[in-house]
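**Q** Spelled out, the chains give:
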Amino acid sequence: ETGVTQTPRHLVMGMTNKKSLKCEQHLGHNAMYWYKQSAKKPLELMFVYNFKEQTENNSVPSRFSPECPNSSHLFLHLHTLQPEDSALYLCASRSDRAATNYGYTFGSGTRLTVV
Amino acid sequence: GESVGLHLPTLSVQEGDNSIINCAYSNSASDYFIWYKQESGKGPQFIIDIRSNMDKRQGQRVTVLLNKTVKHLSLQIAATQPGDSAVYFCAELDWDYKLSFGAGTTVTVRA
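From first to last, the protein sequence lines are chains G and R. Under the numbering used here, the first residue of the first sequence carries the number 1, and numbering increases by one thereafter. Under the numbering used here, the first residue of the second sequence carries the number 1, and numbering increases by one thereafter.
In isolation and in its complexed conformation, chain R is listed as follows:
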C-alpha cells in the first residue's frame, strides 16, 4: 500500500551539530507534506511544511528538502540544541485533508 515512512527510528547528535532526518513516501500524487515535532507528554507540533511544487523551504533553523524523483523528503536542523530532543514525524496530507504519518525518528541530543 501507499504510505509515508522514515528511514531511521533513532538519531543521536552532538549539541551544535546539524541533524538530518529522512522520510520516504510512496504516493507520487502527494501534494503537501508536513514535519511535526513531538516532545514527551505533548501532542505533535507543526515545524514546517512544503508543497510538491517546491524542492526546498527554510524556516528558523530548519530546512525541508523535497526530492520528487525519488519520493524523499528530509528535515535539516541547524546547530541542534538540547530542546530539539523529540520524536520527529513526516506527514502527508491527502485530497480530503487527512494526515497520514510516518513512524517517527527519535532524536537525542548529546551534550
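Only chain G is shown next, with the shape it has when bound in the complex:
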C-alpha cells in the first residue's frame, strides 16, 4: 500500500448510471489530483485540489464532477458517461515538504468500464 487508497478497484457502469470514485490519504498531504490513464496514451491530468480548493480543471467534461470535502478525501462523481470514458482513474496526493519526487504518491487506481 502506498498510503493513497482508491475505491472501488473495479467498476462497471452503464451510460445512464451515477457512480462515485473515492480517494483517501492520511499522509498529511495538502494537494490531491485526479489523472485519467487510457490505453496507449499518457496519463492525463483532470483536476487539482490544493488545501481543498480546486485549482485546476483541465478541460474535463461536466459529466465528471470532483469533490474534495477535506484534505484527506477526494471524490470523482460520474454521470451519463460514454464508452470512451473507460480507463484507469488514478488519484495522487502531494506534500510540499517532501525531499524528492515533490511528494507525489499515487493510488492503485479504479479500473472503470462504461457499457
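These aren't lab readings, by the way, just hints derived from the structure by calculation. Hints may contain errors.
[Said to hold, decoys possible] Below 25 Å or equal to it, Euclidean Cα-Cα: the simulated DMTMM-like pairs (lysine to aspartate or glutamate) are: (1) R:K98 with G:E53; (2) R:K42 with G:E44; (3) R:K56 with R:D94.
[To be verified] From chain G, some residues computed to sit far from chain R (all C-beta separations above 10 Å): (4) T2; (5) P8; (6) K18; (7) K19; (8) L43; (9) L45; (10) V48; (11) E53; (12) S62; (13) S71; (14) L90; (15) A92; (16) R94; (17) Y104; (18) S108.
[Unchecked claim] The calculated label-pair distances, taken between Cβ atoms and stated as ranges, are: (19) R:D96 with G:K40: 39 to 47 Å; (20) R:R57 with G:K41: 26 to 34 Å; (21) R:D55 with G:N70: 38 to 46 Å; (22) R:Q14 with G:N17: 45 to 53 Å; (23) R:Q76 with G:T80: 42 to 50 Å; (24) G:S62 with R:Q14: 46 to 54 Å; (25) R:Q76 with G:G3: 23 to 31 Å; (26) R:T69 with G:G14: 27 to 35 Å; (27) G:H73 with R:D96: 43 to 51 Å; (28) G:G3 with R:L8: 29 to 37 Å; (29) R:Q58 with G:G28: 27 to 35 Å; (30) R:T69 with G:T16: 48 to 56 Å; (31) R:P9 with G:T113: 34 to 42 Å.
Treat the numbers as computed from the prediction; the structure is a model and nothing was measured. Note that CB positions come from ideal geometry on N, CA and C, so glycine has one too.
With chain G's structure known, arrange chain R on it following the hints.
**A** Using the frame of chain G, we list chain R on its own:
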C-alpha cells in the same frame, strides 16, 4: 505543443542484461524530471528524479541521464530482473508542481 514523450513503446530484454529506456522532451525550460514504474494493477511508483542542473544521477541499479542539448533523458537499469517488467514513464514537473507524462515504455524481461 510542448510535451514529454518516449521513443519506443516496448522493450524486450534478456534477464541479467542492462536496459535503456529513452525519453524526449520539448520544453527547454523544464527543470525537473522523474521516472516512474507502473506494474500491473498498481499506480505509478517513483524510481528516480533529476534536476536540470545535473546530467547524471544514480540510484540502486538505476541511472538517469539528462542531455539538455538535445532535450533527452534516459533510464538505465543494470542487471535487469524479472521484477523489472513493467511500464516505465518519464514525467516533467511544471512550475505549478503538476506532472506531465510521456506515453510509457513496456519492458518485458525474458528469462
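**Q** All the hints need checking, so say for each whether the structure fits it.
**A** How the hints compare with the structure:
Distance hint between K98 of chain R and E53 of chain G is fulfilled; the C-alpha atoms sit about 15 Å from each other, no more than 25 Å. Annotation: proposed proximity of K42 of chain R to E44 of chain G holds, straight-line Cα distance about 17 Å (limit 25 Å). Between K56 of chain R and D94 of chain R, the direct Cα distance comes to roughly 20 Å. Compliance with the 25 Å bound is thereby established for this hinted pair. With a least CB separation of 7 Å from chain R, T2 of chain G falls inside the 10 Å interface cut-off, contrary to its annotation.
Listed as a non-interface residue, P8 of chain G keeps its Cβ farther than 10 Å from every Cβ of chain R; the least gap is roughly 13 Å. Chain R leaves K18 of chain G outside its interface by the beta-carbon criterion, the shortest separation being 25 Å against a cut-off of 10 Å. Separation of K19 of chain G from chain R is adequate, the least Cβ-Cβ distance of about 20 Å exceeding the 10 Å criterion. Non-interface call for L43 of chain G relative to chain R: violated, since the shortest CB-CB distance, roughly 4 Å, does not exceed 10 Å.
Consistency note on L45 of chain G: stated as away from chain R, yet its beta-carbon is not over 10 Å from all of that chain's, at 6 Å minimum. Against the 10 Å criterion, V48 of chain G falls within the reach of chain R, whose nearest CB is about 7 Å from its own CB. At roughly 14 Å from the closest C-beta of chain R, the C-beta of E53 of chain G stays outside 10 Å, upholding its exclusion from the interface. With a minimum CB-CB distance of about 21 Å to chain R, S62 of chain G clears the 10 Å threshold, and the non-interface call stands.
Against the 10 Å criterion, S71 of chain G stays outside the reach of chain R, whose nearest CB is about 16 Å from its own CB. Once the 10 Å rule is applied to beta carbons, L90 of chain G is inconsistent with being away from chain R; the minimum gap is 5 Å. Not every Cβ of chain R is farther than 10 Å from the Cβ of A92 of chain G; the closest lies at roughly 8 Å, contradicting the non-interface assignment. Against the 10 Å criterion, R94 of chain G falls within the reach of chain R, whose nearest CB is about 7 Å from its own CB.
The Cβ of Y104 of chain G does not lie farther than 10 Å from every Cβ of chain R; its closest approach is about 7 Å, which violates its non-interface assignment. Under the 10 Å C-beta cut-off, the non-interface status given to S108 of chain G relative to chain R is violated; the minimum distance is some 5 Å. A beta carbon spacing of about 27 Å between D96 of chain R and K40 of chain G contradicts the range 39 to 47 Å that was offered as a hint. The hinted range of 26 to 34 Å is satisfied by R57 of chain R and K41 of chain G, whose Cβ atoms lie roughly 28 Å apart.
A C-beta distance of roughly 42 Å is found between D55 of chain R and N70 of chain G, which places it inside the suggested range of 38 to 46 Å. Evaluation of the 45 to 53 Å hint for Q14 of chain R and N17 of chain G yields a pass: the beta carbon distance comes to about 47 Å. Checked against the given bound of 42 to 50 Å, the beta carbons of Q76 of chain R and T80 of chain G, roughly 46 Å apart, stay inside it. As the Cβ distance of S62 of chain G to Q14 of chain R is approximately 49 Å, the hint placing it in 46 to 54 Å holds.
Between Q76 of chain R and G3 of chain G the C-beta distance comes to about 29 Å, which sits within the given range of 23 to 31 Å. For the pair T69 of chain R and G14 of chain G, the beta carbons lie near 52 Å from each other, so the given range of 27 to 35 Å is not met. Range check, H73 of chain G to D96 of chain R: Cβ separation about 22 Å, and the 43 to 51 Å hint is violated. A C-beta distance of roughly 32 Å is found between G3 of chain G and L8 of chain R, which places it inside the suggested range of 29 to 37 Å.
The hint said 27 to 35 Å for the Cβ distance between Q58 of chain R and G28 of chain G, and at roughly 30 Å that hint holds. Evaluation of the 48 to 56 Å hint for T69 of chain R and T16 of chain G yields a pass: the beta carbon distance comes to about 54 Å. Restraint check, P9 of chain R to T113 of chain G: a C-beta distance of roughly 23 Å breaks the suggested window 34 to 42 Å.
In summary, the structure is inconsistent with hints 4, 8, 9, 10, 14, 15, 16, 17, 18, 19, 26, 27 and 31 from the numbered list given earlier, while agreeing with the others.
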